[in-house]
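Each chain, written out:
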Amino acid sequence: MAMLQMQRIFIYALKKDRKSILEFLQRRGVVEISDSIPEDSLFHKADMSYARTSFEKSISAAKEAVEILNKLAPEKKSMLSMLDGRKVISTEIYDAFKTKHESIVRIANQIITCNKVIAETKAEILKLEAQIEILTPWTTLDIPLSFSDTKYTKSFIGTISREWTLEAIYEKLADYLPLNVDVISSSKEQTCIFVLCTKDKAEGVYDALRAIEFSHPSVTSDKAPAEQIEDLRKRISDAHTTIDNAEKEIIAFSSSREELLFLQDYDKMRYDKYEVIGQILQSQNVFVVNGYIPQKEAQSLEAELSSRYDLAVEYEEPAEEEDVPVLLKNNGFAEPLEGVVAGFSLPGQGEIDPTMIMAIFYYLLFGIMLADAGYGILMVAGCAYGLIKGGKNIENSMKNTLKMFLFCGISTVFWGVMFGSYFGDLFDVVATTFFGVTKVPVIPPLWFFPVNKPMLMLTFSMALGIIHLLTGLLMKMYQLYKQKYYIAILYDAVSWFALIISSTIILMSLDMIKNILGLNVTISPVVATSSAVVAIVSSIIIILTNGRESRNPFKRFLKGVYAFYGITGYLSDVLSYSRLLALGLASGVIGNVINKMAAMTANIFLGPLFFIIVVLFGHAINIAINALGAYVHTNRLQYVEFFGKFYGGGGRSFNPFNMKTKYYKVKENMKNGY
Amino acid sequence: MDINNFGIVFALMGAAAAALVAGAGSAKGVGMAGEAGAGVVTEDPSKFGKVLILQLLPGTQGIYGLLIAFITLSQIGVLGGESNMSLAKGLLYFVACLPMAIVGYSSAIRQARASVASMGILAKRPEAFGKAMIFPAMVETYAILALLISMLAVNGVTGINI
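Which chain is which? The protein sequence lines are A and B, in order.
Residue numbers for the first sequence follow the working numbering, so the first one is 358 and each next one is one higher.
Residue numbers for the second sequence follow the working numbering, so the first one is 774 and each next one is one higher.
Worth double-checking, as some hints may not be accurate.
To give an idea of the interface, some chain B residues facing chain A are shown, with a C-beta separation under 8 Å as derived from the structure [said to hold, decoys possible]:
(1) Ala797
(2) Ile836
(3) Ile907
(4) Phe908
(5) Thr914
(6) Leu921
(7) Met924
Hints in this document: simulated from the structure, not taken from any laboratory.
All C-beta atoms, glycine included, are put in the ideal place defined by N, C-alpha and C.
The following block holds chain B by itself, in its conformation from the complex (with noise of 0.2 Å):
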């Protein structure tokens, strides 16, 4: 058995790695800020849309993970095409989708705990909603970091020869 027919499952492994572990610190992070504005909304249900927004920020590195995973996907055929890699470069790929996965993961998280008490803010000072809003956006530069990094490693590494 050829040992370079295992570069594709690893170049898969990491597309899926960026969807999973990214999408489930949203999906915590998106549960956890949830379970504060519906607080929030149980007192002043007229806040919903400004409690939405709130929650709605550590969903994004579920987003960004989904990216990832797709643009990896199309690169290495799996979406149809040629799949055919060596083993170096399937493991190239599944590095450079790891910057994603994991800080995807656990800035999801952070980003929801000052979602949470940014919920606070909200609801003790509704008027200071603009600064309650940046506290959690904040946290989420260093996804987009990572954003960056993976979608660069990735189309580089498509362009290497090995």
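Here chain A stands alone, though its shape is the one from the complex (with noise of 0.2 Å):
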């Protein structure tokens, strides 16, 4: 349970290292630059953000030309492939890319003007479909569709609207004798003709042919429609061979995939490099980083530092009122838990790392609201084996939460076995259904049914939430002391923890709650009374002291009673806790719901089939809607219940300049680099 201390760290050095120091800075990821020192006339920033502008523009190009490859030459990927971790190279590797890095990116911009080409192409063929389309009905005509006259005759080519007979045409058209009208083709919609006439009566033939709505070819050509398909036909068989060579241009890419995907994180690291570099003052020779550094790794780092490179380094303790940002530190039981405190909010100024300690209830409670030996025991097979197969390449991210689970999952094989539940009760089902027994439980539970005594449960689960709670005011009273507010100690936890604790006794002695909860102790009266005493005196202390901020007596004393007041929120509190006995009994009881269904199907014929088939695909539902059910519970009773009695957050999280890549990470070549 701890915040690792931070420092203030300077580092001096001469500009012809910038770029050597700060990449090995980047690998070794250990400090947060900050730009908090002003310029001044000697010492300036530097405007990198030209140079970060192109890296943005190729790690943009190199993603969009992976999309492209895994559209044309899809990678095979397992689903196991999430656990593998981004990929380790060495500094050489790092290094000789240098002289890579412009030919990768020419590559990724070959492979983006290929898939412009064929999205162009695409559309070429799309458009001289369109044509062929048009021209079909036309194909029977022998002569160009543009042709329109020679010297002493006029034609119209062109399309009437509906169908007609060729004697209707002649009809319209009498007035104007002599002419010639083929009909092409006709359909329903519209009908091809060609009409000849001389050209003296051309005006009238034209005006007589739009009165029955005659309307040009949208396509002209110079040579005749059939040929004209037959070019077009070529034409697109032609864009699809581009096409089918441009893919070929791709795919033969595929060779560099790995390499676009390193130009990614090279100019990611790069660009942060950058904006480091925006960040740090420099003189003609001289350039100063400034940052957080966690003190336990201040000293190899300034070892390593000058084993290397001529410079100076320099530490100062952070005042009282710094942001200084927070990094956590807990041993591997806490650690996987150290992302749901953050997901709360980081330790603010003053307050203490509450990891440890919500570690073991958040185990404890998961295991309670879950509480089944068969479903925590898939649990921990499936994240043992996900550790155990990721191995040590496995990112710290999906360590922890395959590593939370593990614990979550020992804590409900041991809630599952107390309260007897394994699959529900599958092992009864299966030997009273299958093999005639007739003694049921088969196994019988360590402790007791919760189905059969929900007010025991309810009891114990209450009981556990005060217990909860009032650790919750022991890590106030810790804080207050850590922060030498030593008098709030009694006004604020002390007074609380008293008469959380007495009123308790009180209840607990009275028979209307002896009944209700069925509980069978006997408080003697000497303790009853004494707790009563120790209600009071506790009670006027919190009316008498919690309002102390304000001056006005009177004033002090209403906040006074609006604080004692709280004592329902405690109430409310504790009765939240009767959740773990819901969630509790859902997943118990939908289990025995899955079990039963499933021995409904024993009589059938292929009974025992259908009965496994069920009880698969029941449980698996159930244990998902579950498990979901009793993260997001017991997250709740942390964050709302238990910090809500000390814990405030605010902090910022530390966010050293390392490698923020996606997959591959550098490894410097010493042993305690990371």
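Quick one: dock chain against chain with the hints and give me the complex.
In structure tokens, the structure reads:
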């Protein structure tokens, strides 16, 4: 349970080493750079936005190129590839990439160009096909559509809407004889006609045709339509060849996929590096890096740096009011839950890291809510498999998630055994349905069946809740002690602590409560009376002191009374733990329902087969829904009930200058680099 | 006709109402959250897992309803066994199921609206997912309290001799 002590670090070095020092810092990833020193006449900040834009461009080009590649030449990936983590490569490869950089960017651009060609050609094909469609009714016409006149004749080639017979057309044009009409083709929508008349009648014929909605075809050409269609077909097939070639060209680049991925990472690292260069102060020959470093890393970093370069390192304790970044450090048991704490908020100014204490309750509460040995074993097995399969190279976030559910699973197994739940009552159902066993339960619970004794389970849940809340108050005491508000420990924490315990004892001594909860405890009158005294004294302390920031005595008293009203908050907090009972019963009873439904199939044909299907399917759904419920409500109990007692958060997370890459990580050739 | 024959009718009505009304609320709620979630996933498919968690939150009321219905069914002997009971007892079962049915319905829908709002947090500030999850979970408390009372009541009615 700790937050790492942070120090301010100043590194003064020569500009000629700038690139290599910054790359070294980036690979070590233990310094958060800040730009809090102002510029002066000697030291300036450089504007690096131009360089960064070019990196951004090549990153997005490489990204697009990989997407295109993946579409045309998909890479086979197994389900477990998410466990693999980033590939580790050496600094030599990193340095060597510099010479290749330009050619890879060119490859990326080439892929994008090819893809553009493909898209354009596809559009072209659509256009050509549309033309063919227009031309198809004209195929039997053996003169070009653009043909218009000879020396003495004028021709009209076009369509009139709807279906017409030759006679009907002649009838319309009877006034302008002699002329020739050919119907090239006709359909319900339109009739394609060729009309030839003498030039002097042309105007009249055109008007007559217009009257029956004549229009010229939307494509024209100097070739006969049939020939034209042939040409178009050829152009389409050429276009297909172009697409094929472009695709082949892209696929040929698939050997460069790795390099394209690395290009993204490489330029991302350079992008971050240039961001830092833009933040540090530089004079003609010297530059200054300023930032935060965890104290325990400081010595080794300084040693490594000064063994390689000529530089000076200086430390400074951060000032009280400074916004120091927070980095949590916990042991393997609690570490997976740092993410849960960060999901609420990191510890703020003067607060303690609650992860370790929270971890104990987290696993405990999760286990009680799911409480099924079978489900727990599945969770443990799945997470353990993932951790082993992922090995050393697994990413930290994935590892922590798996570890968290591994511990949750262990707790689930424990409570499953306590409450006698193994895939609901699967063993009992199988034993009675298929083996005629009459003595159930096959495996009795170590403690009790919550379904049979819900009140006992409720009491247990609420008792656990009180312990959880009191632990929260203890955390508050510790925190106030650390912050040196000694008097507040008595006023804000001890008084409540005493009030909660004494009122619990008073409630337990009441017959009504004892009857409801089915408790069989006798509280001696002395204890009950002294609890009453303690409760009254602590109430008075709370009422008199909790409004102490107000100077007006009347206001102070009212504020104190209002604070005392907060006791109802404790009541609702404790009742909130009844979700342990509700969720625990939900997973158990739904499991039983599934088993019962499965057992109904036992007597039909192929019964055992159906039984297995229903059981597998049903429990798969049940474990998913209830694990989700347990996860959400464990978080809620921690965030609202537990953290509400002492924890405010508001810390800023430590964001070191490191390799924020997606696919690769560069490893310095040394033992302790990470 | 013996009026006490109606005991089992009311008892079954209670069980059915718990599953039906709470289930209808959850169906509506999960649907609402799903619509919002689909929008988030359109923008960023990698958020699917988290969206799914938020979508499923209003789904629990239906499960609690099922739970109460199941407990009631097995207590009143519909799933096999003796199913004779007085009218009064049947009515008691009916009333015992009401908290789950009614609170389940309305809390599922209210929770869904909180879920939909939380989808907005997830879309714009994915790092605040922990907080986004808590808002809908706060509503669920009341469904859990109703579940608790319904469950204790159903269990309690079984022991009453009328």
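How the hints compare with the structure:
Taking 8 Å as the C-beta cut-off, the interface hint given for B/Ala797 is violated, the closest approach to chain A being about 18 Å. Checking B/Ile836 against chain A: minimum C-beta separation of about 6 Å stays under 8 Å; hint holds. With 8 Å as the threshold, the beta carbon of B/Ile907 comes within range of chain A, its nearest partner Cβ sitting at about 5 Å, so the hint holds. Annotation: B/Phe908 was flagged as interfacial toward chain A, and the flag is violated, the nearest CB pair being 10 Å apart, outside 8 Å.
Evaluation of the B/Thr914 hint against chain A yields a held restraint, the C-beta minimum of about 6 Å falling below 8 Å. Against a cut-off of 8 Å between C-beta atoms, the interface hint on B/Leu921 holds, since the closest Cβ of chain A lies about 5 Å away. Proximity of B/Met924 to chain A holds as hinted, the smallest CB-CB distance being about 6 Å (cut-off 8 Å).
Violated hints, listed in ascending order, are 1, 4; each of the other numbered hints is respected by the structure.
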